[in-house]
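Participant: Take a look at the letters that make up each chain.
Protein chains: 2
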Amino acid sequence: MLLCDIGNTYLHFYQEGKVWKELPRRLKAGMEVQEVYYISVNPPSARRLLEVYPHAIDLAPHMVLDTAYKGLGVDRMAACKGIEDGVVVDAGSAITVDVMQNQVHLGGFIMPGIASFSSMLKSISPALEKELNLSVELSALPQNTRDALSYGAIKAIVMMIQNSCKNKRLFFTGGDGKYLARFFENAIHDNSIVFKGMLKTLEEMKEGKR
Amino acid sequence: MLLCDIGNTYLHFYQEGKVWKELPRRLKAGMEVQEVYYISVNPPSARRLLEVYPHAIDLAPHMVLDTAYKGLGVDRMAACKGIEDGVVVDAGSAITVDVMQNQVHLGGFIMPGIASFSSMLKSISPALEKELNLSVELSALPQNTRDALSYGAIKAIVMMIQNSCKNKRLFFTGGDGKYLARFFENAIHDNSIVFKGMLKTLEEMKEGKR
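So the sequences go chain by chain: E and X.
Going by this note's numbering, the final residue of the first sequence carries number 235, and the count climbs one at a time with no gaps.
Going by this note's numbering, the final residue of the second sequence carries number 235, and the count climbs one at a time with no gaps.
These are computed hints drawn from the structure, not numbers from a lab.
Computed from a predicted structure; not experimentally measured.
One thing to keep in mind: the hints can contain errors.
Chain copies aren't distinguished; within one or between two, either way the pair holds.
As the list claims (entries may be wrong) - Taking lysine to any residue and the SDA-like style, the derived pairs with C-alpha atoms no more than 20 Å apart in a straight line are:
{"no.": "1", "residue 1": "K225", "residue 2": "P86"}
{"no.": "2", "residue 1": "K147", "residue 2": "P68"}
{"no.": "3", "residue 1": "K203", "residue 2": "E47"}
{"no.": "4", "residue 1": "K53", "residue 2": "P69"}
So that you can see chain E by itself, here it is in the shape it has in the complex:
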């Protein structure tokens, strides 16, 4: 069985505990796979997956989450189902932060991803076109432009996550998940959280719940 989480940039795959990613244009038919399940926030990439695996099944219509949130993306739903309790941060092109309590989704928010901060600043002024310094000191006021931009992006993201997690367990996934996790004690970094939510949905389908 092959699982695929189709994001804004990459297609993320999961098979027997292994996780990898591909750009849509680099996607090639892999081994013969009997079952392929996917979720997608990117229709062109989903069409690309279906060219390669025409029998792939979209899990979105089967995914149910207890929430008052209107229009929650299917990837965030899967991440929430994947943790059941705590705060899940999916740090990719965008950073989503969602709070779960006893399998109930309490709400969440969206920030630009780290790379987006860079490109956003660049578009304001060429003077702000700097590679972010990922090692910037967050406890002292910056003393140059590159650090000022890095601090303004990274500290903002870190403080927003801190503010949302209080005493809850904190889970990180996505391309910048590992980097962000190191700002927090006891944070869990796990690139299979979304897939765990997809597997849970499959179990629920088999149990006839959905």
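Keeping the supplied structure of chain E fixed, place chain X upon it in accordance with the hints.
Facilitator: Positioned in the frame of chain E, the structure of chain X alone reads:
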């Protein structure tokens, strides 16, 4: 005497306590003005000003601020000189936050402006193309995409300013200065802070300090 603060988007003018702004392409020769002083972070717009006021004098070489910060923009320098003590937030296309203590600059940071958050999120995914909700509730977890985006931008900006100001006085200027000031008790909104710093520089020049 006419003062001009040339930003990334607008030219901001000051004359006899009045403040107004113009887009560079809409700039027309005004009344006869004997003295014109300017600062600029935008060379094409500065050239445009000099077409209209060929005798305008750049204050940048005369502006001195006690700081360890390398490469501080001349507009931030002027804002710092304009407050002397406290935290000054200039909220335009970019948001700059600078901390002053007894006329000494302790450092500062840069975040994308509110409009930049919007356009950045739009560029990540069409699903994130929403006008920000400037009245979003910052004390409860968002329950829809538009609020999730607004909360992720506005709360991040507000928390970063809060974190930097501690017990210091807080000054706001720039296009979104008035909006942001309302999140803080006793914040001062003043669209002439940068001009006050320019006037201070002129005084110093006359006193022969520079």
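Participant: State for each hint whether it applies.
Facilitator: These are the hints, each one checked on the structure:
1. K225 to P86: within (14 Å within a copy, 64 Å between copies)
2. K147 to P68: Close across copies (16 Å), not inside one copy (28 Å); limit 20 Å.
3. K203 to E47: So K203 and E47 pass the 20 Å test inside one copy only (19 Å; across, 45 Å).
4. K53 to P69: Intra 15 Å, inter 48 Å, cutoff 20 Å: intra-copy only.
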